[in-house]
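Dock chain B against the given chain A, drawing on the hints supplied.
Line by line, the protein sequences are chains A and B.
Residue numbering for the first sequence follows numbering that gives the first Met the number 0, beginning at 0 and increasing consecutively.
Residue numbering for the second sequence follows numbering that gives the first Met the number 0, beginning at 0 and increasing consecutively.
This list has only true hints and no planted wrong ones.
Have a look at the derived ranges for each label pair, beta carbon to beta carbon:
#, chain 1, residue 1, chain 2, residue 2, range
1, B, Ala132, A, Glu140, 43 to 51 Å
2, B, Leu27, A, His152, 50 to 58 Å
3, A, Val57, B, Leu174, 35 to 43 Å
4, B, Pro11, A, Ser61, 51 to 59 Å
5, A, Ile144, B, Arg20, 48 to 56 Å
6, B, Pro135, A, Met172, 55 to 63 Å
7, A, Ser61, B, Glu14, 47 to 55 Å
8, A, Val57, B, Leu113, 34 to 42 Å
9, A, Arg42, B, Ala85, 25 to 33 Å
The set of hints was computed from the structure by calculation and includes no laboratory data.
Glycine included, C-beta positions come from ideal geometry on N, C-alpha and C.
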Amino acid sequence: MQEEVTYMLGVVLAGFAVNFGLRALPFLLFAGGSRRLPGWVERFGAFVSPVIIAVLVVYSYSGLQWRTPWPYVAGAVTVGLQLLKRNPLASIVAGTAVYMLLLNCCGCATRRTIELNAQNPAVRVTLHGVVFGDRYVDPQEVPDILEDYDVPHDRVIHIQLDPDVRDLRQARMLMGFLSKAGYTRPVLVTKRHAESVNLGKARYSPPRSRAPEKSIRYKKASE
Amino acid sequence: MSDSAETAAVTPPRERRAVFRRAFVDSLPVLMGYTTMGFVAGVLLAAKGGVALSPLWGFLTSSLWVTGTMSIAGVPEIARRAPVCAFALMTLAVNFRYAFYGFSMLKRWQNVPLLQKAYLVLMLTDENYALEASCPVKNPARNLEYCKLLSVLNHSYWVVGVTVGAAVVCLLGKLVDPDVIRRGTDGMEFSMAALFIVILTDQICRKK
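Next comes chain A alone, as it looks inside the complex (with noise of 0.2 Å):
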């Protein structure tokens, strides 16, 4: 709680310094007032914008269903709709509403069935979080998207540790969510264990080193 808060007493600081920077800029650079802005910079400016913008949207596709084509109409209608009629919030509220109806109607179609092994464990510990196929999830939403997909709760879940994570804190919470939901049996990989698993190699090469290498098994409490 109190780490929460020191984190985001640092977001909202540091938000505010650059916006607040930003917009004070050219008052700063400028503070006499009268100097016309030089041409470069006008013209400068005028590049360099759109240019983020463009990267900006590609960087938020990437946050989305990118792999689905939804993403992708809902973008059409938002260009569609601003061309036609200029208004933003037109634009963004009919976009993000198309998108959300394609994602919840139409996603269940396009919801690619996951397979649970070893060689490609659907979940993943990073150093930034849990990755469940191709995106970034709360731990917590884990055991409702196993629960989506229809897992069996004694199906053996291949959790796969990153070999940079050397704190277990995260896993260990994944793995808690995952018995209180019911699940049974996760089991932590590492990465080298799911590639020997792939190259067919029956031998359990044993751990070298430290902890992470171990696979922890979950019991439940009444085994």
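Then chain B, alone, in the frame of chain A:
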């Protein structure tokens, strides 16, 4: 303080009222935009940001940043607890355009006292700038009055939108299952992409 009294003395009450009416009418489209987008930003922050006290953070971010782009685009970063410096860098890239708005206001706000100027600068958002830049009021004192009023109005719309959005989700979260909210808001993250698409479309079209 003394300055506002001075301006009040310079500008007769009837004209003041006219300026106020002008600013208020001009701010109405922004009222629609800011409350809606603010609401979305607040809902996203509370539903996907993974922070307790989201109405408080919504209030602080909306009143201090006054940027729709970062309020929406920053939510995934907050959710995965991106380092503060990474967050600052992202803000720099996302809001780079703000650095160009002030240039056309340099002369107009030359003699405005520092605190008022700082507030006007803080409120150089896309919509606010567009309105101020195309303001029909030519008299410098009344123009300043117009800019200040417009800024206060638009600022309040934005803050109310974000805070209410976050508060609604926070309260709902106490009443219904958080999963329902999480699923109900699925796809709302497209609003960020849509926002960028709209800005890009406008920027490309303006060039031609």
